[in-house]
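K.L.:
One letter stands for each residue in the lines below.
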Amino acid sequence: MTTAERTRERRLTTARAMVEGIAQEMRRNEEVFVMGEDVGAYGGIFGTTTGLLDEFGPERVMDTPISETGFIGAGIGAAIEGMRPIVELMFVDFFGVCMDQIYNHMAKIHYESGGNVRVPMVLMTSVGGGYSDGAQHSQCLWATFAHLPGMKIVVPSNPRDAKGLMISAIRDDNPVVYMTHKGIMGLAWMAKNARSVGPVPEEEYEVPIGKASVAREGTDATVVTLSLSVHHALDVAERLSGEGIELEVLDLRSLVPLDREAILESVGKTGRVLVVDEDYRSFGLSGEIAATIVEEDPAMLKAPLARVAVPDVPIPYARPLERAVLPTPERIEEAARGLVGA
Amino acid sequence: MDASTRLSLYRTMVRIRAFEEAIRREYYVGKQPVFDIGAGPVPGEMHLSAGQEPVAAGLCAHLGPDDALTGPHRPHHIALAHGVDMKRMTAEIFGRESGLCHGKGGHMHLFAPEVHFGCSGIIAEGMPTACGQALAFKKRGTDQVAAAVVGEGAVNQGGFHESLNLAALWKLPVIFVVEDNDWGISVPRSASTSNFSATDRGRAYGIPGERVEDNSVEGVYEACGRAVQRARRGEGPSLVEVHTLRLWGHFEGDAQGYRQSELEDVPGRDPIPTYRRTLIEEGVLDEEEAQRIRAEAEEEVEAAIRFAKESPEPAPDEALEHVFA
Ligand SMILES: Cc1ncc(C[n+]2csc(CCOP(=O)(O)OP(=O)(O)O)c2C)c(N)n1
Numbered sequence: 000m001t002t003a004e005r006t007r008e009r010r011l012t013t014a015r016a017m018v019e020g021i022a023q024e025m026r027r028n029e030e031v032f033v034m035g036e037d038v039g040a041y042g043g044i045f046g047t048t049t050g051l052l053d054e055f056g057p058e059r060v061m062d063t064p065i066s067e068t069g070f071i072g073a074g075i076g077a078a079i080e081g082m083r084p085i086v087e088l089m090f091v092d093f094f095g096v097c098m099d100q101i102y103n104h105m106a107k108i109h110y111e112s113g114g115n116v117r118v119p120m121v122l123m124t125s126v127g128g129g130y131s132d133g134a135q136h137s138q139c140l141w142a143t144f145a146h147l148p149g150m151k152i153v154v155p156s157n158p159r160d161a162k163g164l165m166i167s168a169i170r171d172d173n174p175v176v177y178m179t180h181k182g183i184m185g186l187a188w189m190a191k192n193a194r195s196v197g198p199v200p201e202e203e204y205e206v207p208i209g210k211a212s213v214a215r216e217g218t219d220a221t222v223v224t225l226s227l228s229v230h231h232a233l234d235v236a237e238r239l240s241g242e243g244i245e246l247e248v249l250d251l252r253s254l255v256p257l258d259r260e261a262i263l264e265s266v267g268k269t270g271r272v273l274v275v276d277e278d279y280r281s282f283g284l285s286g287e288i289a290a291t292i293v294e295e296d297p298a299m300l301k302a303p304l305a306r307v308a309v310p311d312v313p314i315p316y317a318r319p320l321e322r323a324v325l326p327t328p329e330r331i332e333e334a335a336r337g338l339v340g341a
Numbered sequence: 000m001d002a003s004t005r006l007s008l009y010r011t012m013v014r015i016r017a018f019e020e021a022i023r024r025e026y027y028v029g030k031q032p033v034f035d036i037g038a039g040p041v042p043g044e045m046h047l048s049a050g051q052e053p054v055a056a057g058l059c060a061h062l063g064p065d066d067a068l069t070g071p072h073r074p075h076h077i078a079l080a081h082g083v084d085m086k087r088m089t090a091e092i093f094g095r096e097s098g099l100c101h102g103k104g105g106h107m108h109l110f111a112p113e114v115h116f117g118c119s120g121i122i123a124e125g126m127p128t129a130c131g132q133a134l135a136f137k138k139r140g141t142d143q144v145a146a147a148v149v150g151e152g153a154v155n156q157g158g159f160h161e162s163l164n165l166a167a168l169w170k171l172p173v174i175f176v177v178e179d180n181d182w183g184i185s186v187p188r189s190a191s192t193s194n195f196s197a198t199d200r201g202r203a204y205g206i207p208g209e210r211v212e213d214n215s216v217e218g219v220y221e222a223c224g225r226a227v228q229r230a231r232r233g234e235g236p237s238l239v240e241v242h243t244l245r246l247w248g249h250f251e252g253d254a255q256g257y258r259q260s261e262l263e264d265v266p267g268r269d270p271i272p273t274y275r276r277t278l279i280e281e282g283v284l285d286e287e288e289a290q291r292i293r294a295e296a297e298e299e300v301e302a303a304i305r306f307a308k309e310s311p312e313p314a315p316d317e318a319l320e321h322v323f324a
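First to last, the sequence lines map onto chains A and B.
The numbers in numbering that gives the first Met the number 0 rise by one with no breaks, and the one at position 209 of the first sequence is 208.
The numbers in numbering that gives the first Met the number 0 rise by one with no breaks, and the one at position 203 of the second sequence is 202.
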């Protein structure tokens, strides 16, 4: 069997792919270690560290107390000394209790030190809703982090990217916030998403941070999106293709750096753009993308930009309420149809 | 302790257990044979409190509807013991319009202002709020008190320490109650806490504390009684720590692979059959009465579940309401 064939055959969930990337880097570099809540025997609530304790032991896979300011700060300290910690906090919604360590320390030390001090750490966390976990466990918040300078923000949508971006994040000399939507992980206890399992090369490889990917080529409109919404957009694109509407789907893969060139290139081609964002609508990703296009050349747009995002309300618990605010395939389809005038 | 108090503590515990068992049953509807956390009539995470009933019953026996109580992510037992309406609470858990929060809050975010109850899914973050409620009571010169319940995992959180310091500094009428069930999800107390005694931590801030080691409802009742009286007399905060028991997983669906060895002796430590035996042995309760108490509880719970199921779901447009007052 050739390598290419093996690669095609071997399919992993996004969670397994992330773990494989972490394990390979831990084998390669003694300075890489993992810490966080329930990352040891439990293997991470969302399966992001499963099996690592068995292979690397408790010195390199450390369960922490529920002391986020303390252990995220400790990750920063270890990184300052040149280690490469991967620190997990299971839900992005919990970062409020330790935000100071993140945006005043992790993100600013390199700048404040005039470039003298590096903080090469990965802060990983899970985002997103869709299973009625309520307002404190369903947010995305990536724009909040992306708004604050000094950290890269990575948001993969599929297994292959998840592994390559993890390896890139660990090797990066900057703090990288690595955010995975629960709905893309391929977890046994979440609704199955066909694209949360996919081919993953066995060897180590990097997916560059800051490069978007064209998840689907199209001519009529560009859907700019990321994470779980990529899957929804692809589903919608397939449906509309049957009616002769061809959507291009751009998977951003990282918010910082943002691949503005890829956005402009695609919009230059299609002339229509729909931004799909599972984060809050105002002051976020969709506004940034609109600004990117308008600053370059408003005449690129054949129709006003459209956006599907959470309408500036906390994520409600009850299913009909949650469905009303999340960017569901139905909302995406309606917006896409409106955009192309169908 | 007089017989009627003991019976009332027992009744509260049985009522809570009947509720949690029914919620557990309903939670798995639609989630079988393959567990899918988002499926069924009760989606989302579900943290049940079986084994921790003594804390709720013993504490809340001293609180009235004017006293404030904030709960953590595992809130049902203390909400019920504090007098939160069972029907509307059940409807909230089912995500119905008739729920406490019209379906917006859900299992971890139950709010019942008529009895000053609230809770949060963020560890330890109910504690500062309880301090603020106590501050309001103190400023107004009422004899109301506030209590906050947290798990032992929360004692390592900044919010815990800051709240203790504020409460001691301002002599607030607040009672901190720590439910030490040995586990923070999969992390045992021994791996999370350098000085395991939360009461020692409280003492370091000048807050008197008691640890109830045996998960007995009467032990909790006595300790909380002293704490609440102190607060009502204007003598400031106290801390009560209860070595309790998480009978089931951290959340429903938790296979608990991390605690295999210890599970075997759990049934023998269930506080409800233990208390039942004691009360029967001491002539406070007989079999018939015990069965009646359980039957009454089940009836109430089933009525609440029926109420929830028969209530309509909120209309999608409701999602946009209530961002601002
Ligand atoms: C600030 C914050 N960090 C982490 C979590 C995730 N989390 C939810 S429950 C829990 C364990 C809590 O343990 P404990 O306080 O002992 O309460 P128990 O679940 O045992 O009742 C953790 C870590 C959270 N909800 N909030």
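Because the hints were derived from the structure by calculation, they are not lab data.
Bear in mind that the values here come from a model prediction, so they are computed numbers and not experimental data.
C-beta: ideal position from N, C-alpha, C; glycine also.
Honestly, I wouldn't trust all of these hints.
[Said to hold, decoys possible] Where chain B lies over chain A, by a calculated footprint (3+ residues, C-beta under 8 Å): (1) 46-55; (2) 155-164; (3) 173-180; (4) 308-321.
[As the list claims (entries may be wrong)] Taking lysine to any residue pairs in the SDA-like style, the calculated list, with each CA pair at most 20 Å apart, reads: (5) LYS86/B <-> GLY252/B; (6) LYS191/A <-> GLY29/B; (7) LYS191/A <-> ARG231/B; (8) LYS107/A <-> ASP35/B; (9) LYS210/A <-> GLU295/B; (10) LYS191/A <-> LYS86/B; (11) LYS268/A <-> ASP311/A; (12) LYS191/A <-> GLU295/B; (13) LYS30/B <-> ALA190/A; (14) LYS191/A <-> GLY39/B.
K.L.:
Hint by hint, note whether the structure agrees.
P.N.:
Hint-by-hint comparison with the structure:
no.: 1; hint: 46-55; in the structure: violated (count 0)
no.: 2; hint: 155-164; in the structure: violated (count 0)
no.: 3; hint: 173-180; in the structure: violated (count 0)
no.: 4; hint: 308-321; in the structure: holds (count 11)
no.: 5; hint: LYS86/B <-> GLY252/B; in the structure: violated (25 Å)
no.: 6; hint: LYS191/A <-> GLY29/B; in the structure: holds (15 Å)
no.: 7; hint: LYS191/A <-> ARG231/B; in the structure: violated (54 Å)
no.: 8; hint: LYS107/A <-> ASP35/B; in the structure: violated (41 Å)
no.: 9; hint: LYS210/A <-> GLU295/B; in the structure: violated (63 Å)
no.: 10; hint: LYS191/A <-> LYS86/B; in the structure: violated (33 Å)
no.: 11; hint: LYS268/A <-> ASP311/A; in the structure: violated (31 Å)
no.: 12; hint: LYS191/A <-> GLU295/B; in the structure: violated (41 Å)
no.: 13; hint: LYS30/B <-> ALA190/A; in the structure: holds (10 Å)
no.: 14; hint: LYS191/A <-> GLY39/B; in the structure: holds (15 Å)
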